[in-house]
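Peer 1: These protein sequences, in sequence, are chains B and S. My numbering applies: residue 1 is where the first sequence begins, and numbers increase by one. My numbering applies: residue 1001 is where the second sequence begins, and numbers increase by one.
No lab work stands behind these hints: they were computed from the structure. Just so it is clear, CB atoms sit at the ideal spot from N, CA and C, and this is done for glycine as well. Hints are supplied without guarantee of correctness; some may be wrong.
Computed spacing ranges between beta-carbons, pair by pair [stated by the list, open to error]:
(1) B:22 / S:1279: 50 to 60 Å
(2) B:101 / S:1282: 51 to 61 Å
(3) S:1143 / B:119: 48 to 58 Å
(4) S:1333 / B:68: 25 to 35 Å
(5) B:81 / S:1246: 17 to 27 Å
(6) S:1086 / B:102: 18 to 28 Å
(7) B:102 / S:1183: 49 to 59 Å
(8) B:102 / S:1260: 13 to 23 Å
(9) S:1260 / B:2: 33 to 43 Å
(10) B:101 / S:1170: 45 to 55 Å
Okay, derived cross-link-like pairs now, EDC-like style, lysine to aspartate or glutamate, Cα gap no bigger than 20 Å in a straight line [what the hints assert, rightly or not]:
(11) S:1221 / B:35
(12) S:1221 / B:95
(13) S:1221 / S:1045
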Amino acid sequence: MSKTPVQFRVNGQDRAVFAEDAENLLECLRRGVGDMSPKYGCGQGTCGACTVLIDGEPHLSCLTLAQGCGGRSIETTGGLADGPNLHPLQAAFMEHFAAQCGFCTTGMLMAAKALLDKNPNPTRDDVVEAIAGNICRCTGYEPIINAILEAASRGSNSVVGGAV
Amino acid sequence: MAKHRGKGMASINYPIGMNLGGDPSQALVHSNPDGKFTVALSSIDLGQGMKQVTRQICAETLGVPVADVYVDTADSDTGPHCMGSFASRGTHRVGNAVIAAAKEARGVMMEAAAEELEVNPEDLETDGEGNIHVRGAPQRSITVSDVAVAAQFRQGKTISGRGIFLIPLSEVDPETGEMTPVSCFAHACLVAEVEVDDETGEVDVVEMNSAYELGRALNPKMVEQQLVGGAWMGMSHALWETTEPYYPDRDHGPEDFNQYLMPGPGDVVPHNIAVLERPAPDGPFGGKGPGEMCANPVLPAVVNAVFNAIGVRIDDLPITPEKVLRGRRAQGGARPGPQH
Ligand code: FES
Ligand code: FES
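Bound-form chain B, shown alone (with noise of 0.2 Å):
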C-alpha cells in the first residue's frame, strides 16, 4: 500500500497527513487527524452519521476520497464549539434534548450548519430537506427540528473555525 501526503484545514488548522491507499475522509480524519467528531455509521452514504463541510459544503465523508480533498477547507463537529462556550446549534440541541444515544447528533449538526450559514431564516421544510439525508434511531427527528428552527431565530450564522 502506498501512501499520499494530503495537506488540508480542518476546523480553521492546516493539517499535513499521509492518506493511505483509496482512504475515504472519514477514516483519514479519525485515524490521520485524530479528529473522532464524525462518526462511521454505514460506510455506505445512507445514514448521514458522517457528515463533514468541505469548502461550506455538506459531504458524506465516508464516501470522499481523501487524497482528493488537498487544499480544501474541512469543518468537523470538532471544531464547533470555542473552548467551554457552545456554537449556537450544540446549545439549542441540549435545550431541546435533540440527541439521545447521540451517534447521528454530529450529523445532524453539520448539515444544519451547512444550512444556516446560506440561509438564516430557514422554514421547517428547508430544515427537514437539510437533514433529509440524516438518519436518526432515537428522537424520532421532532426534537432535532425544532433545535434548528430555535438556533436559526437566536442568529446562529456565527462561521466558528472553518471557513477561508
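Chain B is fixed; fit chain S with the ligands onto it per the hints.
Peer 2: Relative to the frame of chain B, chain S with the ligands by itself:
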C-alpha cells in the same frame, strides 16, 4: 381513487423488568476525598437516560447536589453485575439498587460527620447543597467534602455502600402454571389517526394522541424525549421496517438503509402526549420508566386505524402498500363503516 381516514386505539399494561431468576442488578457508591461521589454500574446507557436518572437518584438519597455525583458505567467486566438494559427495567431495578447503595454510603458519611462534630449521627441532616448540620442548629455544620477528607485521612473510613435489587424468584404452581413474573406495571393508551390511499395502498399516520402512566417521571423532559422518539419508532415498525419482507424467505431482504426503510424527518406527525404520574410503591422515588412501552402501542393502534379506514385487517407487519391492496382486493373493495 380516494383517501380514507380512520382512527384506531390500543392500550397496554406493560411489565417493568421480568422476574425470571430474580432479575437482579447491583450498584456500588463511594466518595472520593474531594467529597464527590461515584456510582459504579454495569447497566448500559444507550441513550435512554440511565446515567442521568441514576445520578439523580443517588444524589437525592445521599442528600448531596446532583453535580457532585458521577455515574461510571465503563466496564461490565469489572463493574458490579447487572442483568442489562432491556425489558424497561433500568430505572426501576437499577434505581432501587442505587438507593440501597447510597443509603449505606450515607450512613457512613453521617457517622464520619458526627465524629467530626462530636454529636450523634441521628442528630444530623443534609441540606442537599453539600453541607451536613445538626438538626435545628444549622451553624453546627460541616461540608461533605470536609467529611470526605476526614474519613479518608483521619478516621480511616471508606464512605461507600453496596446495593442490590432482587425480586424473590416466583415459583411456578405445578397444577395451574400460575406464577408472578412481574411485580410492577406501567400503562399506556394511544390513538392513531391514519389516511389510507386506496389506489396506491399507502398508509400515512397523520396524528397521534397518547396517555402514559409510568410512575413518577423522575426526569420529565427525558420521559417526554423517550415518548416522542419511541412513538416514531413504533410508527416505523408499523409501516416501514422489516428485515424479511417475505418471511421466512430471505430473498429480497434489505441490505442497506436504501432498502431498509424508515420514516424520515419529513414524516414526523403531531403527537400530543399526556403523562400521568402515579408513583409506584416499589419504584425508586415512585419511578417505573417509559422504556419499550413508548413504541409498543403504536403498532396495534395503526393496525386498528387501517381497519377503521378501509376495513382491511392486517395481521402481518409492516403494513406495506402491497398488503393493503391485496386486502382490499380480497374483500371486493368494500369499506365497512367507521363503527366496524
Ligand atoms: S457513514 Fe457515511 S453516510 Fe453513513
Ligand atoms: S440520537 Fe440516537 S441516532 Fe439520533
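Peer 1: Compare the structure with the hints numbered earlier in the document and write down the numbers of the violated ones, lowest to highest.
Peer 2: The structure breaks hints 2, 4, 5, 7, 10, 11; every other hint is satisfied.
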